[in-house]
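Peer 1: Use these hints to put chain B onto chain A, whose structure you have.
Number of protein chains: 2
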Amino acid sequence: MQRALDEARRAALAGEVPVGAVITDSTGNVLASAGNEVETRQDPTAHAEFLALSAAHAARGGKYLTDCTLTVTLEPCALCAGAIASFRLGRLVFGAYDPKTGAVEHGPRLFTQPTTHHKPEVIGGVREQESAALLKAFFEAKRDA
Amino acid sequence: MQRALDEARRAALAGEVPVGAVITDSTGNVLASAGNEVETRQDPTAHAEFLALSAAHAARGGKYLTDCTLTVTLEPCALCAGAIASFRLGRLVFGAYDPKTGAVEHGPRLFTQPTTHHKPEVIGGVREQESAALLKAFFEAKRDA
Chain A
1 MQRALDEARR
11 AALAGEVPVG
21 AVITDSTGNV
31 LASAGNEVET
41 RQDPTAHAEF
51 LALSAAHAAR
61 GGKYLTDCTL
71 TVTLEPCALC
81 AGAIASFRLG
91 RLVFGAYDPK
101 TGAVEHGPRL
111 FTQPTTHHKP
121 EVIGGVREQE
131 SAALLKAFFE
141 AKRDA
Chain B
1 MQRALDEARR
11 AALAGEVPVG
21 AVITDSTGNV
31 LASAGNEVET
41 RQDPTAHAEF
51 LALSAAHAAR
61 GGKYLTDCTL
71 TVTLEPCALC
81 AGAIASFRLG
91 RLVFGAYDPK
101 TGAVEHGPRL
111 FTQPTTHHKP
121 EVIGGVREQE
131 SAALLKAFFE
141 AKRDA
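Those sequence lines, one after another, are chains A and B. Mapping of the first sequence onto this note's numbering: position 88 corresponds to residue 88, and the numbering continues sequentially without gaps. Mapping of the second sequence onto this note's numbering: position 48 corresponds to residue 48, and the numbering continues sequentially without gaps.
Isolated chain A, as found in the complex (with noise of 0.2 Å):
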């Protein structure tokens, strides 16, 4: 998780909401980290965990990341617990839970959905307080800006 929360601060001196994501393979080696980029490249889609996913599956090869751990500083979103789901990570770790856009414990709670064919194993709010602390100091900065 430091090394998210480290992704994460990188990403807020770009302007960018600071969320931050890693994959670890089964013995703990980073496949791929990476912030989120939404600002930077125009691009909605570009949140931290799914550019980290993305990067790792290319770096790695194969279709699956089924021995692999997400780790990532918020709780996912629709967009990228399917594309975990579609990876079928074996695990996913998140600091901040997200009751407006998240999508693993709040919302349609994809994990949960019949339809969604592989479920991660979940643990969430690991460093809760450091995560949220970042997003919420870099919203204030952003109203007071």
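Mixed in with the good hints there might be a few duds.
All copies of an identical chain are treated as equivalent in the list; a pair is satisfied when it fits inside any one copy or across any two copies.
[Stated by the list, open to error] Derived EDC-like pairs: lysine to aspartate or glutamate, alpha-carbon spacing no greater than 16 Å straight-line:
1. K119 <-> D67
2. K63 <-> D25
3. K63 <-> E39
4. K119 <-> E105
5. K142 <-> E39
6. K63 <-> E37
7. K63 <-> D43
Calculated from the structure, these hints are not laboratory results. Here the structure is a predicted model, which is why all the values come from computation and not from measurement.
Peer 2: Just chain B, lined up with the frame of chain A:
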């Protein structure tokens, strides 16, 4: 929908599950089209509609696709429905309903969720039988192979 069906047929010839997608702007101009490329790319996120959305976004620049229509032969899954919401797509037209992995009229029904902040106009079942027949023929041929 004709062009989406053509893309789906082309996908089937390449050994892909036959799904095709087209993005048009408000004047009906085609911005991008794609067939499913999951097997070709060995990428489980390379769905026809996701590829078409990304290509249209890249072709046009700007952040969103609010004035655009996605026409796809199959009801989108959670990943693609999430991408549709992220791109703030104006209208979704789809062919066959997908009770197994569909996320628009089945499962999470993503556009009915209060946590989905953009909901496109949705028209389902357009040339439904042709779209479904392509899929049925593909899976029957695969089963008999």
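Peer 1: All hints are to be evaluated individually against the structure, with a verdict given for each.
Peer 2: Cross-check of the supplied hints:
1. Taking the shortest alpha-carbon separations for K119 and D67, only the intra-copy value of 13 Å comes in at or below 16 Å, while the best inter-copy value is 34 Å.
2. Proximity of K63 and D25 under a CA criterion of 16 Å is satisfied intra-copy only: 14 Å inside one chain copy versus 33 Å between copies.
3. For the homomeric pair K63 and E39, the shortest alpha-carbon distance between copies (9 Å) is at most 16 Å, but the shortest distance inside one copy (29 Å) is not.
4. Taking the shortest alpha-carbon separations for K119 and E105, only the intra-copy value of 13 Å comes in at or below 16 Å, while the best inter-copy value is 21 Å.
5. Only within a single protomer do K142 and E39 lie at most 16 Å apart by alpha-carbon distance; the minimum there is 14 Å, versus 43 Å between protomers.
6. Taking the shortest Cα distances, K63 and E37 sit within 16 Å of each other only across copies (12 Å), while inside one copy they are farther apart (24 Å).
7. Only between protomers do K63 and D43 lie at most 16 Å apart by alpha-carbon distance; the minimum there is 6 Å, versus 24 Å within a single protomer.
Violation of the numbered hints given earlier is absent; every hint is satisfied by the structure.
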